[in-house]
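Novice: So the sequences go chain by chain: F and G. Under the working numbering, the residues of the first sequence are numbered 1 to 523, in order. Under the working numbering, the residues of the second sequence are numbered 524 to 1040, in order.
Rather than coming from a laboratory, the hints here were simulated on the basis of the structure. Misleading hints may appear alongside valid ones.
Pulled a few chain F residues facing chain G out of the computed Cβ check, cut under 8 Å [stated by the list, open to error]:
#	residue
1	Phe85
2	Ala88
3	Ser496
4	Glu499
In this text the structure is predicted, and so the values were computed from the model without any measurement. Yeah, the Cβ is synthetic: ideal placement off N, Cα and C, and Gly gets one too.
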Amino acid sequence: MLASLWQQLSDSPVPIDSVDLAWAGLAPVMILIGGALLILAVDSLVPRRLRPGSYALATVLLAAGAMVAAVPLWQRVQDAERGPFATAAGAIMVDGFSVFATFVILSAVILAALSFDGWLRREEMDGAEPYVLMLLSASGGVMMASANDLIVMFLGLEILSIAVYVLAAMHLRKITSQEAGVKYFVLGAFSSAFFLYGIALIYGGTGSTNLVRIATYLSATVLGDSGLVLAGLALLLVGFGFKVAAAPFHFWAPDVYQGAPTPSVAWMASGVKVAGFAGLLRVFYLAFSTYRLDWQPVIFVLAVLTMLVGSVLAVVQTDVKRMLAYSSINHAGFILVAVQAATAAGVQAALFYLAAYTFMVAGSFGVIAVVSRKGDIGTSLDDYRGLSRDRPVVAFAFALLLLAQAGVPLTSGFFAKFYVITAAIEAGSSTLAIIAMITAVISSYVYLRIIVAMYGAGDDVPAPRTIPLPAAAGLALVISLTVTMSVGVFPGTLASLAERATPVLIPESDPGAVDPSGVPPGP
Amino acid sequence: MDNNEFLTEWGLTLMVFLPLAGALLLMVIPKAQEQMIKVAALGAALASGAVGVAVLANFNYDSSEKLQFVVNRNWIEAIHANYIVGIDGLSVPLIALTLLITPLVMVYSWNHFPQPHNPQAFLILMLVLATGMLGTFVAQDLILFFVFFEVVLLPMYFMIGVWGGEQRQYASIKFFLYTLFGSALMIVSFLALFFVAGGDSFSMVDLAQGVADRNAAGNLAMITQVLIFGGMFMGFGIKVPMFPFHTWLPDAHTQAPTAGSVILAAVLLKLGTYGFIRVALFILPEAAVKWAPYIGALAVIGIIYGALGCLAQTDMKRLIAFSSVAHMGFVMLGIASLTTFGLNAAVFGMVAHGLITGMLFFLAGSVKDRFHTLEIKRLGGLLLQAPKLGWILGFCIMASLGLPGLAGFWGEFPAILSAYNPAPALSQELFRTYMVIAAFGTVLAAGYLLWLFQRTAFGTPSEEFADVEIEDVRVSEWIAWVPLLALILVLGVFPNIIFHVTDPFLTVMGNTFAGLK
Chain F
1 MLASLWQQLS DSPVPIDSVD LAWAGLAPVM ILIGGALLIL AVDSLVPRRL
51 RPGSYALATV LLAAGAMVAA VPLWQRVQDA ERGPFATAAG AIMVDGFSVF
101 ATFVILSAVI LAALSFDGWL RREEMDGAEP YVLMLLSASG GVMMASANDL
151 IVMFLGLEIL SIAVYVLAAM HLRKITSQEA GVKYFVLGAF SSAFFLYGIA
201 LIYGGTGSTN LVRIATYLSA TVLGDSGLVL AGLALLLVGF GFKVAAAPFH
251 FWAPDVYQGA PTPSVAWMAS GVKVAGFAGL LRVFYLAFST YRLDWQPVIF
301 VLAVLTMLVG SVLAVVQTDV KRMLAYSSIN HAGFILVAVQ AATAAGVQAA
351 LFYLAAYTFM VAGSFGVIAV VSRKGDIGTS LDDYRGLSRD RPVVAFAFAL
401 LLLAQAGVPL TSGFFAKFYV ITAAIEAGSS TLAIIAMITA VISSYVYLRI
451 IVAMYGAGDD VPAPRTIPLP AAAGLALVIS LTVTMSVGVF PGTLASLAER
501 ATPVLIPESD PGAVDPSGVP PGP
Chain G
524 MDNNEFLTEW GLTLMVFLPL AGALLLMVIP KAQEQMIKVA ALGAALASGA
574 VGVAVLANFN YDSSEKLQFV VNRNWIEAIH ANYIVGIDGL SVPLIALTLL
624 ITPLVMVYSW NHFPQPHNPQ AFLILMLVLA TGMLGTFVAQ DLILFFVFFE
674 VVLLPMYFMI GVWGGEQRQY ASIKFFLYTL FGSALMIVSF LALFFVAGGD
724 SFSMVDLAQG VADRNAAGNL AMITQVLIFG GMFMGFGIKV PMFPFHTWLP
774 DAHTQAPTAG SVILAAVLLK LGTYGFIRVA LFILPEAAVK WAPYIGALAV
824 IGIIYGALGC LAQTDMKRLI AFSSVAHMGF VMLGIASLTT FGLNAAVFGM
874 VAHGLITGML FFLAGSVKDR FHTLEIKRLG GLLLQAPKLG WILGFCIMAS
924 LGLPGLAGFW GEFPAILSAY NPAPALSQEL FRTYMVIAAF GTVLAAGYLL
974 WLFQRTAFGT PSEEFADVEI EDVRVSEWIA WVPLLALILV LGVFPNIIFH
1024 VTDPFLTVMG NTFAGLK
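Could you build all of it, start to finish, from the sequences and the hints given here?
Specialist: Here it is as structure tokens:
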């Protein structure tokens, strides 16, 4: 019957207007969404809970599968003849940038999933939901990184965010987790509204939501009154600023990071940030490059504020999760420094930073998840006293990850900061570079405080306690540490990958849509 | 491949990384095998030393102004950083000093590791430290230099923070943050320099050439150079340490275990002064001329301030630490004169200070070991209770106050003299004023050092320790100290051993400054 229906359809005199989809280009997203739904379906169909660990395993396999699916994409976009391409009516862009961001987001999924496993079992909450939510959230993140249309970017942002709101509120027996979820949700909903309003204004100002058309229009037209576009840009920046926790849109971060389940925070600090910055770069660096001189000063101020808030306020914290929350704000400021450069080197630096930071921060929160006690408590600085005696290897790994965050040479953190500063100086923002390095010193005090607590001896060290180290969490730690240290000694590989991960604007191969000669010049 | 070729190609690399390899080896030795750990650590240090001696023996001293044993390999192509190592007359004395101090410190610590013991971790840190220090002295690429310069920071931080005294956490964090702050500004300077000089290489020689070319063409703003120099000044000046960035030093020294203090004084502080000459002066000579009056001013303030600080101390170790501030002031004054004569004095001063102050910290450590206190007013009569220890202390104090015939004299006296005739571009009146102030500093130095000796060594032992049996110099101490004491004397009598090596390179540099208006 279907066949005859198909026959009828294809014979119909009026061709049905359907969108050409390059399925391969969407494969990573499809694997994530399909896999998430599959896990959910299997979990509700089988009568009993699956064996513990199988959810985490499935999540890791799905993320790895999505990575495998992304490898041919990378090869394709790097191929001189085939190159990057747009699909889904020009709404999705598959270029080096999006594939690189996809890899980083998927790595974050793997690390967070490994960290979730032991934590969920300890909290007696093992189940499919967190993993499903994280996979969906990751699919939103990948969508944001490859969005070529503001509407698609908004969809990605919402898929990403809504899943994370739930992840934050997941710990039902913990009031602070509920608080974190509600806080994050309310503020996040606000910022989404800003974002959407920004899209509307930009549509009003340029007549399109498609990034290529926006860029083409702006480079070909001198607007008599650019107020609408600028207002729209400002509102978009609020939305992105909220997602990446840039000051002054950072107020949610410390409370949410402290209250939310630790592995969720690992995901928030790594994957969500990557997606947010990927979207930010795509919109500002690519589509609005003609307005660079308008938005660069704004980002400059945001970067300075973000770095100062993140480093100075971290100093007075006594809870390790809060400390790292503020430090993650500081890191966001560093990435904003790279964005502010608005050059190819800046994009490369931002991508390198995001990739390096993902492993550092996911590993760090992985340690916090291990050290905390049942009920997700025990994250104050005092709980880390004597860790070097109770769990010397974990303490050593944590110390290295913290030093990497401080930017000590021979760790990936050093080169991450190095590239950012290089890009800033090359773009003529030496002031910003100096401020950035000074805040890096201030925040290194925070990392030292944690290290001192772990390695301190004396009267204030509590009695020894046994800290179980789940195998999966150990694996996550090994992965993040290996990447952090090896990139620290040989940064060349990651740097050249980031260098080739250029974002591009290419109209979909639809001759009617955009004049090919009007392809906006890359900055 | 014959021996020489192998040495040229691999000598420096082996010398730098053998300690690190030793550190890795130490990690796999079980903790209980203490003896084996100690032997392996000392073996690694000696192996590195042996390679170093072979390199230094094959060094062509007749053309020591040229870089020798140069190795240039790709490292991180993406940022144009290369693995470039090489040595010339400037690095040779400091490498020799480092190679000497490291095993001696290990021998000294052999049987009394500070609390909480754990020789394995302690020696691993020491070996990593050795790699960092040697690497800094051989690196000829700014990024490589920076990495080694920073690598030194962590082991020292842990050494103070874990094995230190009562206030160790405060002292170690202060040390770390001060130094990191300087490095943060320094790396910004390095990167700015990279773009200013053409943006295709981090090699020091290329950078210097690039800056010189642009200066010759007249299209490099002086303010840019001065600002870049300012960033380096922060990085190196904090490490030296120069007034007013010196406050980390007394805390770090007082709290550090003896071995840490010795290495800190003997080698770590020299990384700053070495960096000034090797990087800042070498690459940015014109900016150096602009900065020199200020550096000179801070140097003499450091001399007087350090001396006055010494007079106010009640703790022997803290007093020696403050005397370091004063001595490094002399070194910086020599550098600020921007003359061949002054730079030679500065390099000699670095080595002399390394030997003498290193010795003084050894002695302070031994006194603390025996009396469990370093409070000067509780000590006394050392010459009666432990005469050999007392006389060695006296010898080192004489060397430290610059007695002719001992090494300290050749660092201090020419440095003061060099300020009489600074480089032509500098104000003669100003530097002669500096000279007078610095000369006054030597009087103060004699004052506080002799006062220290009088209060600790002369007289009769205080009641508290009157009946306590005090052990005189131990075997491990003899082994660790004799080479240093001998060198203090030999270099005092034959200062040319060092001047001969450093002079060619520094003459080239001095001529550059002489040509600047």
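Novice: Work down the list of hints and note, for each, if the structure agrees.
Specialist: Cross-check of the supplied hints:
The interface hint given for Phe85(F) is violated, since its Cβ lies 27 Å from the closest Cβ of chain G, which is over the 8 Å cut-off. Annotation: Ala88(F) was flagged as interfacial toward chain G, and the flag is violated, the nearest CB pair being 34 Å apart, outside 8 Å. Annotation: Ser496(F) was flagged as interfacial toward chain G, and the flag holds, the nearest CB pair being 6 Å apart, inside 8 Å. The beta carbon of Glu499(F) comes within 7 Å of a beta carbon in chain G, closer than 8 Å, and the hint placing it at the interface holds.
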